[in-house]
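Undergrad: In case you want the letters, here they are:
Protein chains: 2
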Amino acid sequence: MKGKEKRNVIVGQSGGPTAAINSSLAGVYRTAIDRGYKKVYGMLHGIQGLVEGRYVDLSEHIRTGLDAELLKRTPSAYLGSCRFKLPEIHDDQALYDKIFEILDRLEIDCFIYIGGNDSMDTIKKLSDYAIVSGSDIRFVGCPKTIDNDLALTDHTPGYGSAAKYIGTSVKEIIRDGWSLETEHGQVIIIEIMGRDAGWLTGAAALARSEDCDGPDAIYLPEVDFDMEAFIKKCKDLLKKKASIVIAVSEGIHDKDGKYVSEMDNGVEYVDAFGHKQLTGTARYLSTVLSQEIGCKTRAVELSTLQRAASHCASRVDILEAFEVGGAAMKAADEGDTGKMVVFVRTSDDPYQAGTEVKDVHKIANDVRLVPREWITKDGTYVTSEFMTYVRPLIQGDVGSIMVDGIPRHLWVPGFQDLL
Amino acid sequence: MKGKEKRNVIVGQSGGPTAAINSSLAGVYRTAIDRGYKKVYGMLHGIQGLVEGRYVDLSEHIRTGLDAELLKRTPSAYLGSCRFKLPEIHDDQALYDKIFEILDRLEIDCFIYIGGNDSMDTIKKLSDYAIVSGSDIRFVGCPKTIDNDLALTDHTPGYGSAAKYIGTSVKEIIRDGWSLETEHGQVIIIEIMGRDAGWLTGAAALARSEDCDGPDAIYLPEVDFDMEAFIKKCKDLLKKKASIVIAVSEGIHDKDGKYVSEMDNGVEYVDAFGHKQLTGTARYLSTVLSQEIGCKTRAVELSTLQRAASHCASRVDILEAFEVGGAAMKAADEGDTGKMVVFVRTSDDPYQAGTEVKDVHKIANDVRLVPREWITKDGTYVTSEFMTYVRPLIQGDVGSIMVDGIPRHLWVPGFQDLL
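Chains as they are written, first to last, in the working numbering: chain W, 1 to 419; chain B, 1001 to 1419.
Hints are supplied without guarantee of correctness; some may be wrong.
[Stated by the list, open to error] In silico EDC-like links for lysine to aspartate or glutamate, alpha-carbon gap of 20 Å or less:
| id | chain 1 | residue 1 | chain 2 | residue 2 |
| --- | --- | --- | --- | --- |
| 1 | W | K241 | B | E1052 |
| 2 | B | K1006 | B | D1236 |
| 3 | B | K1241 | W | D417 |
| 4 | B | K1039 | B | D1104 |
| 5 | B | K1232 | B | E1183 |
| 6 | W | K85 | B | E1181 |
| 7 | B | K1235 | W | D417 |
| 8 | B | K1258 | B | D1196 |
| 9 | B | K1241 | W | E52 |
| 10 | W | K240 | B | D1417 |
| 11 | W | K85 | B | E1183 |
| 12 | W | K241 | W | E210 |
| 13 | B | K1085 | W | E183 |
| 14 | B | K1004 | B | E1107 |
| 15 | B | K1232 | B | D1254 |
| 16 | B | K1239 | W | D417 |
| 17 | B | K1240 | W | D417 |
Read the hints as simulated data drawn from the structure, not as lab findings. Here the structure is a predicted model, which means the values were calculated and not measured.
My request is simple: use the sequences and hints to build the entire structure.
TA: Shown next, in the form of structure tokens:
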């Protein structure tokens, strides 16, 4: 703010890790320093760690330009992450007072939180409390999620790299499936993350190109899953091809909302936000097909690989993640609070997108699904509109910094002991 | 052979696919053409397809230098593979006569087979039959297997790329594990291919570097698995670290030879060579730990990704695969038969290796295990000797040829219909 000497910034990371979240951290740091802030603190394990008084001075971690480049290429949340839902203000005002006491002690002007839906809930509550309590601290959110399901933004950093990894890996798995012939045909089922939204699963279609048919069917959670139709589809496909590949979201469910993974006898696990943790959709479907058709089946879960695969990151994604970190810092510096930075796409081809800030109250706890019209009528593939949307986000690569044959990540002595 | 006009060559691929097997195919083709052979045929689905009269003229597939470069970067077996065990000659001489009839009709001088243990059994039998039946056709094997378990060779093409992918992915998974704190700690179990030999599982140790502790324990099939010691090890590790990562081979078994995966109630599947197909080792161990320790667990199977990940291939591996294909062709051209090309390493640092030809009778159906002294005394890690061995094989990258954000593979119109 004009006329007032700039003091310090604190930044945290929250929710599921991605291949791009640390590039946003690098972006926040760079812009904070460039704009004249004295110190940039990093919360360890987000707001949960901050409450416990756990933070670092980022200048001890991002010491050189090379460190910043390594950070951009480091997967997972460098500072540690959390899934911690702040209580409502009236339910635990003491907690809010404690947080603001810590922020005041650290002489914080700007609080940047890099995360998804649940993290924006944190920005909303803290910025609300700042207004109520007369604090000058500005709270701005920086979007991040491989799920790409945040409202009001064209897309979220982290999605492009995960989509590129999924497209690349699905194509390699399809090709692998050509190699061996089996008597009754083979069905490979690839399980992809995305509980509610099918953005990631739809990205499997990126494997489709001049040299590859792509997956033979794609099942998103936006469309109710019909087991009988699925079995019939596989039978029909096997009449034409010896090896078929199906991409399914971990969150597909029948018309009554029952998850396919729950049809199995897997253990159910619910996290702090009440989200069901799913497992075994592909495995369950493989077993069904093997029984119903008698074909060979293979279940492949892309698991955490899809969110951690920095070695296959998209250049557009990593640079945009850096940009959006800087934009969040800029917004807070210029007085915004209770806001999140969003991407606005102005053109698909050539791809052009810029950033804006939006009211976080309109974003938090909302989920943006794949539009129904971007999914084929029979619900077994994505349309060309979906492809036009996702294609620009996976372009280019960052180039891993290789040491002795393996990508190098950012690490400073004693760092892991802090986490 | 001197004084005789050169005619044609046929080449086939067999066994499990790798990221490097097509580079060997490109190497065979290049050397065959350079040495003056007229046509190079490719068997479709190996010897099994050849018996059915299925083959292509490779000049219709490798039409340009760019095609050859794409082929080197294409995962899976370009020509299709098979797991077909030739019967003993005295059990089905008619089959051998049929094969030689086809080879004679195609005017074949040299038969090159790219594969692992079982494929060398095919070379052995066909070269034996050629001698018995007075045929001039020369049969030479070109090594290939991600398992790295072929006898008499320092290593096998395909292993280096799989090892690089495993080291890279394990490192990313370890880092991902740092992000979220859990109350009772977290154990991530990564299941890696290799039924009998632990070469691939040991490669998980490549994640250990200045910026990463590497996996916390590694269990190879060369050492009997002790469930009680395993649980105690995990308990001890969780006292020191919040997130631990364990790499296990799919083939680990107890002292009675019972596979850990069979301790689960998974379905057993036996292939044509009588090999048990395993699944679910990591999943089973996760369940055990979750019950015994109450920690959070996650099972990650690298599945076919580890053998198909051309996008993460090792430059040393791809170039050596090309070299060994050429060396096999050269050996056959110079009159060798019943031989396989092997690598002989003359120096670890700087890495230097050359090729030689060895009698395939000494190779077929033998399995080369990780030496016991390359595994720590307690059987839970590999030693520095193992690392010195594997490190040179993962160096460098090939550089994917990217089209619209996804690696391009070799494909010609109508090709997939042939397979």
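Undergrad: Compare the structure with each hint and give your call.
TA: Going through the hints against the structure:
no., hint, in the structure
1, W:K241 - B:E1052, "19 Å, holds"
2, B:K1006 - B:D1236, "66 Å, violated"
3, B:K1241 - W:D417, "9 Å, holds"
4, B:K1039 - B:D1104, "14 Å, holds"
5, B:K1232 - B:E1183, "19 Å, holds"
6, W:K85 - B:E1181, "14 Å, holds"
7, B:K1235 - W:D417, "19 Å, holds"
8, B:K1258 - B:D1196, "13 Å, holds"
9, B:K1241 - W:E52, "19 Å, holds"
10, W:K240 - B:D1417, "10 Å, holds"
11, W:K85 - B:E1183, "16 Å, holds"
12, W:K241 - W:E210, "18 Å, holds"
13, B:K1085 - W:E183, "16 Å, holds"
14, B:K1004 - B:E1107, "13 Å, holds"
15, B:K1232 - B:D1254, "16 Å, holds"
16, B:K1239 - W:D417, "13 Å, holds"
17, B:K1240 - W:D417, "10 Å, holds"
Hint 2 from the earlier list is the only one contradicted by this structure; the remaining hints agree with it.
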